[in-house]
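Protein sequences, first through last, are from chains A and B.
All residue numbers for the first sequence refer to numbering that gives the first Met the number 0, where the first residue is 0 and numbers rise by one.
All residue numbers for the second sequence refer to numbering that gives the first Met the number 0, where the first residue is 0 and numbers rise by one.
These aren't lab readings, by the way, just hints derived from the structure by calculation.
It is possible that some hints are incorrect.
[Claimed, not checked] Cross-link-like lysine to aspartate or glutamate pairs, in silico, EDC-like; alpha carbons within 20 Å at most:
| hint | chain 1 | residue 1 | chain 2 | residue 2 |
| --- | --- | --- | --- | --- |
| 1 | B | K263 | B | D274 |
| 2 | B | K176 | A | E31 |
| 3 | B | K313 | B | D284 |
| 4 | B | K176 | B | D39 |
| 5 | A | K205 | A | E31 |
| 6 | B | K176 | A | E216 |
| 7 | A | K23 | B | E189 |
| 8 | A | K76 | A | D16 |
| 9 | A | K76 | A | E7 |
[What the hints assert, rightly or not] Far from chain B by the CB rule (all over 12 Å, computed), these chain A residues:
| hint | residue |
| --- | --- |
| 10 | V19 |
| 11 | P21 |
| 12 | I25 |
| 13 | A66 |
| 14 | L73 |
| 15 | A74 |
| 16 | D91 |
| 17 | E105 |
| 18 | H137 |
| 19 | E167 |
| 20 | E171 |
| 21 | E202 |
| 22 | S206 |
| 23 | A208 |
[To be verified] Calculated from the model, a selection of chain B residues having no Cβ within reach of chain A, i.e. all distances over 10 Å:
| hint | residue |
| --- | --- |
| 24 | L32 |
| 25 | H33 |
| 26 | L37 |
| 27 | F124 |
| 28 | A197 |
| 29 | R266 |
C-beta atoms are modelled at their ideal positions from N, C-alpha and C, and glycine is treated no differently.
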Amino acid sequence: MGNISELEVRMRPSAMDMPVYPPKAITLASGETMVVRQVARDEVPILLEVLYPLLWVERDFYDIVAARLFGELLAYKRYRAKDEYVLVGLIDGVLAGMVNGRLVDEKTGMSYHTLTIRRGLRVGSHLFAAKMEYHIEHCRQDDVLIVAESPIGFRRWMIEYPLEKRFEVQHELGGVPSWVLPKDVYYAAKPRLVSGHRPVSDELMKSAATIVLPEEEIVVRQVAGEKEEQQ
Amino acid sequence: MNPVYIAGAGMTRFGRSEWSLMQLASVASLAALHHANLGDIPVDGVVVANMGAARMNRQTALGSALVDQLALYPAAAESVENGPASGASAFKVGVQAIASGMADVVLITGVERMRVVNGLEGTDFVSSLSHPEAEYIYGVTLPALAGMFARLFMDKFGVERKHLAMVAIKNHANAAKNPYAHIQQTVTMEGILTLPEAAVNNPPIAEPLHMFDCCPVSDGGASLVLVSETVAAKIGGPKVRVAGIGQATDTHTVHEREDPTDLKSVRIAAGIAFDRAGLTPQDVDVAELHDAFTILEIAESEASGFFPRGEGHKALERGETQLDGTLPINPSGGLKAKGHPVGATGVAQLVELTWQLRGECDARQVKDAKVAYACNFGGFGNNVVASVLQREA
Numbered sequence: 000m001g002n003i004s005e006l007e008v009r010m011r012p013s014a015m016d017m018p019v020y021p022p023k024a025i026t027l028a029s030g031e032t033m034v035v036r037q038v039a040r041d042e043v044p045i046l047l048e049v050l051y052p053l054l055w056v057e058r059d060f061y062d063i064v065a066a067r068l069f070g071e072l073l074a075y076k077r078y079r080a081k082d083e084y085v086l087v088g089l090i091d092g093v094l095a096g097m098v099n100g101r102l103v104d105e106k107t108g109m110s111y112h113t114l115t116i117r118r119g120l121r122v123g124s125h126l127f128a129a130k131m132e133y134h135i136e137h138c139r140q141d142d143v144l145i146v147a148e149s150p151i152g153f154r155r156w157m158i159e160y161p162l163e164k165r166f167e168v169q170h171e172l173g174g175v176p177s178w179v180l181p182k183d184v185y186y187a188a189k190p191r192l193v194s195g196h197r198p199v200s201d202e203l204m205k206s207a208a209t210i211v212l213p214e215e216e217i218v219v220r221q222v223a224g225e226k227e228e229q230q
Numbered sequence: 000m001n002p003v004y005i006a007g008a009g010m011t012r013f014g015r016s017e018w019s020l021m022q023l024a025s026v027a028s029l030a031a032l033h034h035a036n037l038g039d040i041p042v043d044g045v046v047v048a049n050m051g052a053a054r055m056n057r058q059t060a061l062g063s064a065l066v067d068q069l070a071l072y073p074a075a076a077e078s079v080e081n082g083p084a085s086g087a088s089a090f091k092v093g094v095q096a097i098a099s100g101m102a103d104v105v106l107i108t109g110v111e112r113m114r115v116v117n118g119l120e121g122t123d124f125v126s127s128l129s130h131p132e133a134e135y136i137y138g139v140t141l142p143a144l145a146g147m148f149a150r151l152f153m154d155k156f157g158v159e160r161k162h163l164a165m166v167a168i169k170n171h172a173n174a175a176k177n178p179y180a181h182i183q184q185t186v187t188m189e190g191i192l193t194l195p196e197a198a199v200n201n202p203p204i205a206e207p208l209h210m211f212d213c214c215p216v217s218d219g220g221a222s223l224v225l226v227s228e229t230v231a232a233k234i235g236g237p238k239v240r241v242a243g244i245g246q247a248t249d250t251h252t253v254h255e256r257e258d259p260t261d262l263k264s265v266r267i268a269a270g271i272a273f274d275r276a277g278l279t280p281q282d283v284d285v286a287e288l289h290d291a292f293t294i295l296e297i298a299e300s301e302a303s304g305f306f307p308r309g310e311g312h313k314a315l316e317r318g319e320t321q322l323d324g325t326l327p328i329n330p331s332g333g334l335k336a337k338g339h340p341v342g343a344t345g346v347a348q349l350v351e352l353t354w355q356l357r358g359e360c361d362a363r364q365v366k367d368a369k370v371a372y373a374c375n376f377g378g379f380g381n382n383v384v385a386s387v388l389q390r391e392a
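Chain A on its own, in the form it takes in the complex (with noise of 0.2 Å):
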């Protein structure tokens, strides 16, 4: 057993002080209240509770997505991936969304995913918004490389931030060509698009301290869109 552990030591990438995200709490357009913040590697068997039945939903790429996230948030938890870290969105408890990257190096970020279960409340622009303000605010780097998988992402990272593109660098999603957020175009970018209040209240981080799966009704309404055979 020992030299197991010796050799897991051995496997397990070496890792760099990461700060820990500071939650913050945003009200969305239904007048509700989103906690953001960091999750452990414990909770990652619940984040993947919701990802499976979405490995087979086709619409916006959820399946992609999912597939990828379901990989990296495994190795989070199992210690494969390299200066990785979670965020997920929290209403009343219940997961609105999620999103994942790592840092390359310390002046490069890396974006994974941003997969958002509460569609329609921009949701997943909040988390990615969470994600670079992490990045380039907390982490203190200077770019963060994205790509987008679906076509909302590239509307919504691409066109809106908007982002540069840096194609000589191939990003690790596939190879693809990457774009890239400059601290100039964030904080450019920043009054329109990142938002929230710190600290939050004693009671909403106790609300969002235990993460609850929404009921599969919603997860299929919102991601998959409601079947009309239902009507």
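Assemble the complex: chain A is given as a structure, and chain B must be docked to it using the hints.
For chain B alone, kept in the frame of chain A given last:
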């Protein structure tokens, strides 16, 4: 003219659908036919309203296709394309057929499947209704026209963004009670306007219009069964009579109008409809207005004659257009939240009003509704169809 009655109304849920165009049309039609309870009385004619199938779905001659789909041969079949007013125009064609004595039963179906194309193509498609040489080639879109209209209207009458938000909040709340609505999500003033987060939650689309001032792009179908007095008597059930229809046009380009904030075509169409009905705007218990953009609900509520010019937003502030107000407007959620499958919209407005007059709207039912009004706004106000319905005892 012979009296015309609406014997049945049905629709699909609006939203993003996996169904084909003809599936949407068929399901809505079957729902309306079932609602009408025609028994073995044959359908004489079918009129299908649609704006974009030729371009977005590669399908034309929808009237013939629907007859075939539902095996309604040898019913006469027509297709009507009149921009966003296609639905009420098709309704008018059906009403004319029965009023003239040429038919006893006519099925009117509006259908659109827009989410099959991406947002840019969808926006471009709808923009094709604008003037090709004076508007379209300069990149004019419907949100852009509505933004310019809103700016003028707000400056002239003191309408503020909070009033636009009030329309959105009201219509989202109504749609949350409508199982057929595209968006069943309530929104708050804080979330879409007053808190700092609102800047992200509700980004600008075409200033002063923001995301929650604009209707969604929807797929959907809606149908009505129109019958003659003889058939209405035979099938029994609640009687909803088509009391009056009015239609009016205006200049194709908005900037050629003497006063672009004056929705003259709405005013004239509504006047004709009320004259033909022998009723006035004050008789109306419930209305469905064409709120593709929130500003249009306010402007149309004035041009239709419900409120004096420049006073629509004040009536809104007083709560008069709420579900429990003196004149509930858009109890369905309107285009704003129920959705806007363009060719289906005018029919869907009348579906909602038929259900309202029959007392079949459950949580969003307007109490004791007897007279209803719909405004189907085509182009950017260059072709408007207004309809008045009346419940008979």
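No chain B beta carbon within 12 Å of A208 of chain A's: 23 Å, holds
Assertion that E105 of chain A lies farther than 12 Å from chain B (Cβ): 29 Å, holds
Outside-interface status for L73 of chain A - nearest CB in chain B farther than 12 Å: 31 Å, holds
Status of the stated non-contact between E171 of chain A and chain B (beta carbon gap over 12 Å): 27 Å, holds
Reported absence of H33 of chain B from the contact zone with chain A (all CB gaps over 10 Å): Given a closest Cβ separation of 13 Å, the condition holds.
Restraint status (C-alpha distance of K313 of chain B to D284 of chain B at most 20 Å): 19 Å, holds
Interface exclusion of L32 of chain B relative to chain A, criterion Cβ beyond 10 Å: Label holds. Min Cβ-Cβ 16 Å, cutoff 10 Å.
Given hint D16 of chain A paired with K76 of chain A - CA-CA distance at most 20 Å: 17 Å, holds
Pair hint outcome, K205 of chain A versus E31 of chain A [Cα-Cα no greater than 20 Å]: The given pair, whose Cα atoms are some 16 Å apart, holds under the 20 Å limit.
Restraint status (C-alpha distance of K176 of chain B to E216 of chain A at most 20 Å): 18 Å, holds
Exclusion check [F124 of chain B not at the chain A interface, CB over 10 Å]: F124 of chain B clear of chain A: closest Cβ-Cβ about 17 Å, beyond 10 Å.
D91 of chain A non-interfacial with respect to chain B [C-beta, more than 12 Å]: At about 15 Å from chain B, D91 of chain A clears the 12 Å cut-off, so the statement holds.
Checked against the numbered hints given earlier, this structure breaks hints 4, 12, 28; the rest are met.
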